[in-house]
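Asks: Listed below are the residues making up each chain.
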Amino acid sequence: MKNAVKYMGERYVGCGAREGEIIIEGVPGNDLGAYLDGAHITVYGNAQDATGNTMNDGTITIYGNTGDTVGYSMRGGAIYVRGNAGYRAGIHMKASIDKVPTLVIGGHCGSFLGEYQAGGNIIVLGLDSEGIPVGDFCGTGQHGGKIFLRTEKLPDDLPAQVIARQASEEDLSGIMPFIDTFCEKFGVEKDKVISKNFFVLVPNSKNPYKQLYCYN
Amino acid sequence: MLKEGSNGFRNPSGCAISGIFSKSGRRIPGDKIIKSIRIMHERSNGLGGGFAAYGIYPEFKDQFAFHIFYDHVKAKEECEAYLRNNFLIAFQSEIPTRKHPNICEAPLIWRYFAQPIEARLIEREIDEREFVSRVVTHVNTYIAGAYIFSSGKDVGVFKAVGYPEDVGEFYRLEEYSGYSWTAHGRYPTNTPGWWGGAHPFALLDYTVVHNGEISSYDANRRFIEMFGYKCSLLTDTEVITYIIDYLVRRQGLTMEETASVIAAPFWSVIARKSEEERRQLTFLRNMFAGLLITGPFSIILGFSGGIMALNDRLKLRSMVAGEKGDMAYVASEESAIRIIEPDLDRVWAPSGGEPVIFTLNGGEHKCR
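Protein sequences, first through last, are from chains C and A.
Numbering-wise, the first sequence is residues 1 to 216 according to the numbering used here.
Numbering-wise, the second sequence is residues 1 to 368 according to the numbering used here.
Hints are computed from structural coordinates only; laboratory data are not their basis.
Since the model is a prediction, treat every value here as computed from it, not as a measurement.
Among the hints, a few may not be true.
What the simulated footprint calls covered on chain A by chain C, stretch by stretch (three residues with Cβ under 8 Å from a Cβ of chain C suffice, anywhere in the stretch; the number is not a length) [to be verified]: (1) 39 to 46; (2) 161 to 170; (3) 265 to 279; (4) 308 to 320; (5) 349 to 358.
C-beta: ideal position from N, C-alpha, C; glycine also.
Assemble the whole structure, with the sequences as input and the hints as a guide.
Replies: Right under this line is the structure:
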């Protein structure tokens with residue numbers, strides 16, 4: 001690839017970067033694009049753990065897989081993963097007025113997807129496998145944001161504080177720009193992606209855990 | 001030698017593990033595993049590094065290979081007298097090391113290739129493996145300043161205080177070849193680093209490298225000490241080694257069953273399994289409740305003819321596995337695999353509590 005830099009295990013690549021483009025071949029280390037603040041990172045390969053940790057703006061594009069806790073505490077920008085993600089993808093994602101982060105995973109991901117999610121969109125497409133594209137305990141502790149699952153069947157262990165419903169036209173139109181970008185980046189047919197059913201997971205109230213630990 | 005936990009000192013957390021295994025039994029030189037663990041340098045803090053190697057002593061493959069640290073000559077004399085009373089020693093020597101700028105304050109480091117005296121087994125009515133495990137417990141508990149840190153056949157543990165790549169050079173591991181290697185870079189969490197507290201921890205041919213910290217340590221220790229083990233090093237990894245020995249060697253569990261005990265699925269997960277699986281998992285959880293290991297961990301267990309990688313059920317530590325031809329790889333980070341094998345046939349992240357087991361071709365999972 002043009003201008004690509006070879007990496008092997010180096011941590012904090014692009015940490016806090018505000019502008020420009022970082023193109024990577026090989027396997028960058030943990031915390032790729034941590035605190036990323038506007039720059040664009042592309043990885044032609046796999047990434048390790050905590051990709052986009054607490055990133056604020058910009059994009060991270062991964063042609064392979066990524067490890068655990070991708071999008072950890074992410075608060076802005078977008079991450080596109082063509083392959084699979086590990087455990088705890090999108091843990092602690094959050095949003096504010098003009099900051100809505102988005103994490104798109106093309107394949108499947110491990111358990112605890114969107115754990116403690118407070119805002120933003122997590123989209124799991126499950127493109128390369130049949131069946132449910134997430135592991136156990138999906139949405140545990142979710143109290144904001146949306147999790148989109150492209151699947152015919154929901155996991156049977158969703159927490160009581162989370163509502164799963166068919167994604168509405170309105171839900172889908174909100175994420176369509178990201179689906180378009182995903183398909184463009186990775187050369188995936190959009191019709192194939194949107195032909196399947198999408199569920200959306202949201203917390204069932206503004207304060208779903210009110211009496212989980214104590215009477216308050 | 002300062003034993004762990006004796007001054008209540010705490011450090012922050014990390015650790016790196018890596019394993020290489022040839023399913024065809026091809027012997028791989030030690031510099032390869034050093035290259036793998038070196039790339040994860042930042043995961044350690046220089047307070048411990050170590051390696052386990054299988055198939056390195058073909059000339060003495062029927063003898064137990066003891067690697068022993070001595071704090072002083074008196075400990076060596078006392079331990080050797082004890083060993084001579086119980087074993088026929090075929091060969092003994094200092095373990096070859098080279099001067100290394102980053103490895104200091106080394107104890108005396110000796111190895112012995114030995115076979116138990118038949119009469120000792122007959123008078124106790126036990127087999128040689130049980131006998132050797134009792135000898136290791138005795139020496140490590142009662143002979144002050146002596147510590148047997150490796151005690152299997154055709155396997156050797158090499159460990160020290162330092163970064164793992166330095167420890168590998170110190171022990172001249174490029175001069176050894178084995179079909180299976182594991183490595184550990186330490187970042188001690190709760191206790192200071194000392195030579196005996198470096199990983200791997202070994203008993204017989206079981207060696208354990210571990211990244212994590214065990215919240216259930218005291219519960220596990222109380223259970224396992226009922227069966228003759230002594231957790232004399234006050235470090236959590238030691239207890240994993242004894243749990244493996246107890247479940248696999250003494251109770252005859254398979255590696256998969258052992259994984260279902262120490263990283264048992266949640267009851268809510270068990271409830272969704274088929275009836276047969278549910279019965280089996282419920283039995284194991286109930287039977288060995290005290291051996292459930294909680295808290296974050298990723299471990300690589302080495303044993304004669306195989307290797308098992310396992311995460312805690314919540315997968316709170318990272319683990320990546322890869323395969324290329326007859327070679328299998330497991331490491332905390334994918335880069336530690338790619339640096340020695342860039343072109344993998346397959347690379348994947350095992351799920352929490354899912355054992356990844358590789359054995360020599362035609363070998364059995366149950367290592368007895």
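Asks: Please count how many residues of the segment 308 to 320 of chain A have a CB within 8 Å of a CB from chain C and say whether that reaches 3.
Replies: holds (count 4)
Asks: Okay, the segment 161 to 170 of chain A and chain C, do three or more residues pass the C-beta test at under 8 Å?
Replies: violated (count 0)
Asks: Do three or more residues from the segment 39 to 46 of chain A put their C-beta atoms closer than 8 Å to C-beta atoms of chain C?
Replies: Holds: 3 residues of the segment 39 to 46 of chain A have a Cβ under 8 Å from chain C.
Asks: Can you confirm whether chain C covers the segment 265 to 279 of chain A, using C-beta to C-beta distances below 8 Å and requiring at least three such residues?
Replies: holds (count 3)
Asks: Count the residues of the segment 349 to 358 of chain A with a beta-carbon closer than 8 Å to any beta-carbon of chain C: does the count reach three?
Replies: holds (count 3)
This entry does not satisfy hint 2, going by the numbered hints stated previously; all others are met.
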